[in-house]
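S.K.: First to last, the protein sequences are chains A and B.
Counting from 0, one number per residue, gives the positions in the first sequence under numbering that gives the first Met the number 0.
Counting from 0, one number per residue, gives the positions in the second sequence under numbering that gives the first Met the number 0.
These are calculated hints, taken from the structure and not from any lab test.
None of the values given here were measured: they were computed from a predicted structure.
If a hint is listed, it holds; no wrong ones were tucked in.
Listed next, the in silico BS3-like pairs over lysine-lysine satisfying Cα-Cα at most 25 Å (straight line):
#: 1; chain 1: B; residue 1: Lys87; chain 2: B; residue 2: Lys76
#: 2; chain 1: A; residue 1: Lys8; chain 2: B; residue 2: Lys95
#: 3; chain 1: B; residue 1: Lys69; chain 2: A; residue 2: Lys116
#: 4; chain 1: B; residue 1: Lys95; chain 2: B; residue 2: Lys73
#: 5; chain 1: A; residue 1: Lys357; chain 2: B; residue 2: Lys76
So, partial list: chain B residues that the calculated Cβ filter (under 8 Å) puts toward chain A:
#: 6; residue: Ser10
#: 7; residue: Ala13
#: 8; residue: Ile17
#: 9; residue: Ile64
#: 10; residue: Lys65
#: 11; residue: Leu78
#: 12; residue: Val80
#: 13; residue: Ala91
#: 14; residue: Lys95
We treat Cβ as the ideally placed atom computed from N, Cα and C, and that holds for glycine.
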Amino acid sequence: MLKKLQLKKHALTAISYMLPLVVAAGLLIAIGNLSGGAVIEDYSQSYSIPDALVSLGVLGMGLLAPVIAAGISYSIADRPGIAPGLFMGLIANSIGAGFLGGMLGGYLVGYFVNWLKKNLKVPNWAEGLMPMMILPLVSTIVIALLMYFVVGVPIVAATNALTEFLTNMRGTSNFIFGSVMGAMAAFDFGGPVNKTASLFADGLLLEGVYEPEAVKILASMVPPFGVTLSWVFSRFFKKKIYSSREVENIKVAFPMGITMITEGVIPIAAVDPLRVIASCTIGAAVGGGLSMMWEIGSPVPSGGMFIVPAMTDPLKFCLALFIGSLITGILLFALKKEPVKQEEFLEKEEEIDLSDLKLS
Amino acid sequence: MKIVGIAACTSGIAHTYIAKEKLTKAAESMGHKVKIETQGTVGAENKLTDEDIKNADVAIIAADIKISGKERFKNKKVLEVPTNIVIKSPKALIKKVEELLNEKE
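Looking at chain A on its own, in the form it has when it is part of the complex (with noise of 0.2 Å):
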């Protein structure tokens, strides 16, 4: 029944749709931020480029729970989800059930529209009305009122409750919360749960707490500058750890590195994933853990080292990262063993069960 309903591939669905969101809104904050911009109040008023930058990036935050409820309902239901889904963002944003309430609403009213297309008969000179008013209006109707009156609420006292809890924790407690984030950005190179961490962050940074957005940008380029690292220490000791094609590979990961995109890493990762996995989720658990420690809040969720100006202290975050790629690139150099043919890890493959496989 669980693996029916396809709950991650719908989450997925619409985090494809709002990474890029995510990605200009932030570098929007960050380049009027850093120009010494700020949110403009009242547009009677005059205002500068970098008002404007800021203004519309802050807007585009605000856009990220109608988009990922429309996603998530248009993965469900297909085009008839996507009115009603932004419906459901645009109410979790105002009654404060933020991220995790647009991801319920978009749920909710996916299945919904599902079911009504299923089960609402209409005589046929109704046909055409369906999917232009009967669908939108229902659904819109029903799930909204659940999203006011029932779901939103204990969904805004889990917002508030996980909140207040991340801002009141401070010291060893906050190393555990950084690590544990910063291991999970890591661990699958921008895979599933490294998008589960950031949804995590994307969720509290509208809540108004930055820390663990810095977590995850960190964690992030842990695991390209670690790699770049390794490289560096192999060069310099005489002790060869890359073929030539990985080395090249290491040369397009650092400057996507540098933008965070962990993403780079994985064909250097394909070819001996227990050990690169192992050294760059290891740094980024360090990493993570002393950034979070040391209080270090990024106000915007994307955009690697061109945002680090903006960030509360981008001194410590550059030594944590600095740090976490150190350990990353040790552990790789001392772990790595002599670079494996390429041609034999093509031929390569790893045992996977597809008994269950079936022709649709």
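Chain A is fixed; fit chain B onto it per the hints.
M.R.: Same frame as chain A, now just chain B:
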């Protein structure tokens, strides 16, 4: 046999293309004709034409997310898998597809 397919992942910049590469290489090495459309963040690339789909024996959808244009495969045999299966064991997957097709006939 002739295989068409679609690859799509969450961030749409890496796994999508790795999946395409792996599937194409594996299928070709096993003597099949193959064309994979990628639906990354930049949009659809290497688009499947109606002709491609008409002539195909099977469609493989390797995706972690909802893909667009699934209705194109309405009358086709379709296999849906997450990208990681294609990335980890493309050849075993194609062998499985061969088996499934033979069973049906």
